[in-house]
Amino acid sequence: MNGKEKILLLSACLLLLCPLMIYGQKDQTGSILLKGGHLLTITDGNLENTDLLIIDGIITEIGKDLQAPDGVSVIDVSGKYVMPGIVDAHSHVGLDAVNEMTNPITSEVKIADVINPYDIALYHALAGGVTVSHAMHGSANVIGGQNQTIKHRYGTHDPYHLIMEGAARTIKFALGENPIRVHGEGFSIIPNTRMGVETVIRQGFDDALEYQRNWDGYREKKSAGTIAKPPQYDPRLEALLEVLNGDILIHCHSYRSDEIYMLINICRDYGIEDLIFQHVNEGFKVAPELAEFGAMASVFSDWWAYKFEVYYSTAYNTTILVKNNVITSVNSDSRELIRHLYLEAAKAQRYGQLSDNETLKLITMNPAIQLGIDHRVGSLEVGKDGDVAVFSAHPLSIYTIPEYTFVDGIKYFDRSEDPDDMRVLTDIEDDLNHFMELYSGRGDHDCLH
Amino acid sequence: MKPIFSKIILIALFFASLINYSAMGQIIQAPVYGTFLIQGGTLYTITQGVIEGDLLIEDGRIAAIGSNLEPPEGATIIDAINKRIYPGFIDAGTQLGLSEISSVPLTRDFNERGSLIPYVQALTAINPNSIPIAVTRVSGVTTVLSSPSGGLFPGTAAAINLIGYTPYQMYDGAKGVVLNFPRSGKTGRWDRRSMEKRDEEYRENIKKLNDFWDEADRYYQLKTSGHLKDQKNPPLDAMLPVFENTVPLLIEVNRAPDILEVLKWAEGKEIRIVLTGVAEGWRVANEIAESGHPVITGPVLQTPSRAYDRYDRPYANASKMKEAGVKVAIRTNEMENVRNLPFNAGYAAAYGLGKEEALKSITIVPAQILGIDDRLGSLEIGKTANLFISNGDPFEPRVQIEQVFISGWKIPMENRHTQLYEQFLERSPGIQLNE
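Chains as they are written, first to last, in this note's numbering: chain A, 1 to 449; chain B, 1 to 435.
Don't read these hints as lab results, they were simulated from the structure.
You can take every hint at face value.
Taking lysine-lysine and the BS3-like style, the derived pairs with C-alpha atoms no more than 30 Å apart in a straight line are:
1) B:K83 - A:K323
2) A:K64 - A:K35
3) A:K80 - B:K83
4) A:K307 - B:K186
From chain B, some residues computed to sit far from chain A (all C-beta separations above 10 Å):
5) T42
6) E58
7) A63
8) S67
9) R84
10) R193
11) Y220
12) D230
13) I273
14) E287
15) E356
16) I381
We treat Cβ as the ideally placed atom computed from N, Cα and C, and that holds for glycine.
Turn these sequences into a full structure, and let the hints guide you.
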């Protein structure tokens, strides 16, 4: 074997190994026994001084005096509060791009293609007990791209390792000022008003249905043995058909009650049953209509007045929605808020005095339902994923501090081991040029943990 | 029941419903002025410990504190058993009243054209009827510093109490001249200037600052020595109170190297200097402590200034500075959500500052820094009656702020947010217009 052949063989071996390495990483889960915690199960009340066992990434047992199987480490969490990993139903962390704003409809683009596993915000989220987030397309167009629910497996180099397998497929819709500003004001095209926003959605759905009919006609002819020309494949309309079929859930950026009601009507007309509104600051004004349709709401705790369409908002939105039986979550939509979603939820106690469990549901079970992952996360139940957050005090107290966060039974955050400086690949006293070379142009993402 | 009586009752009900409807609109009930005796609560005085007892509000001031106070004639008695009473919180860094809707430029009044304009007055543009004011004060925040922002000297900030129909009714007598200290290095991710260009612009800004400062200093010297009697120079006139030490210079600075630069710049200047922002204060806490300059820091709820910094640096920043011996007040730097001040203080408390110091950081400390501690910042006899009653620790989200008093006025505990809550919790008509 000559030198060239050796190199070829070596490269071939490496190429073969690469997917295996990634696969191996993807399959990685952990086991841990958390002893003696105060468990906030969400679905089955609070359990004092109770153990929780996670084996290979799945909660296998909840009870007293559990024994750790061989090789499973134990953490004493007595006096601490153990809750399911927090789920953020609206965020943009871990992404390299957010808005494909070039057309009022870009349903074909996928957030899954722009995941950035090095984003430090993923770690900050873990340090706030958040284990799952809904990485969303932006609100620049009426029908944006397809979102991706991710697990915060920070530390991986593989973007796809963050993808939460089995999560519902979702798509971003956006109403009101943002698409109007970008397209009407910016590009001088429809939509320039909320009337136009409705038109764009209905036209999109009608185009998708016509596309479907063309394909049906083609297939009919083909099966009848007639020679026929197939319609041109259109990924944009294909995605809209999946929305119409219920295979992709709508998560719609919205503020004003009229536009919220408008989309409910569209969904009724087109037979779409699953509808989740995002932000939905004026959801409280049409709470009975939301409840009647079965639409859900994912809200800010207290954001308002940053633009005109949120000027007539109230921090009591969450409470009004919950009391009107709308399944409601509190989200971050922010690299800052995602670090303390448990405080954002707790504000529903300041503004409307929700009970502890109603409040905790806003950041666990309810967002899990909205993302179609409530069979996997959102509560402490045997058989669910080992996504768990441990707090020093009740998570709705201002004085609580997140101490450990687990995803799939693996400890991703441990406050006692948290480094002062997150840089591990470089010594700041070391040769700066080397550092610049490694990370040129990646200013915001120069950290690994 | 005789028909006539039922008619009267019906009419009475009709008028009662009218009153109810007006409460559902944008009109807020009037505040009430008078003599109030708050009985049997726990008084968190801040400066004199925690006392079980009564507190008397009279003529807009705290007239008495003690046990079993005799109610003066005509006093309204407020039962505060199992309640707590705190001095009103002070947010010494906001844009409250200066902006209404952030994305609508014509409603933003905090950023005037020009760079050397210390003469523009925040107090002029404060809108007493701004919707966020009523939203803020029911949280227990009763006093804020509203600051202009923008250029090097963007204007003069003013402390206001959150009651009144003109800026001057609200004004609490304290001002501050704002200086945005030149920022070295990159201004953010999107700053594409070359290193040379950045350095050059930074040096230019420092020179601009020093030239203006020297001119203001000379102007002050000449004025005090009886020269330039009839001369008017708005930018330099606005700087006089700083040199006269009647108004502090509020220096906005956040990055550690810039903080050190400010400390150097301030050496030998015999004026009242306050550092504001100070996001990286923890990096140079000892140096700040040595300088003796007080700090108004915040928001506490922000991301670390450098991506590689420990995630909780902003939470622990106030505590680290306090530990080093710095006098620290906490601000939100907010407009519509100044109501989050107690939550910012609560996080600082949890991450090292402790409850007591955190309370001080939004009461007596900002009062001292702004020079209004003779009348605000604690529950003491003779001080302005800015205080509130809560059913527990006001930093805890679940706790309710039940009654707020500002300048002796009993504040209606309503605003647009509570009104919308009342109107829509059980909306009527519901789904059907005619059931």
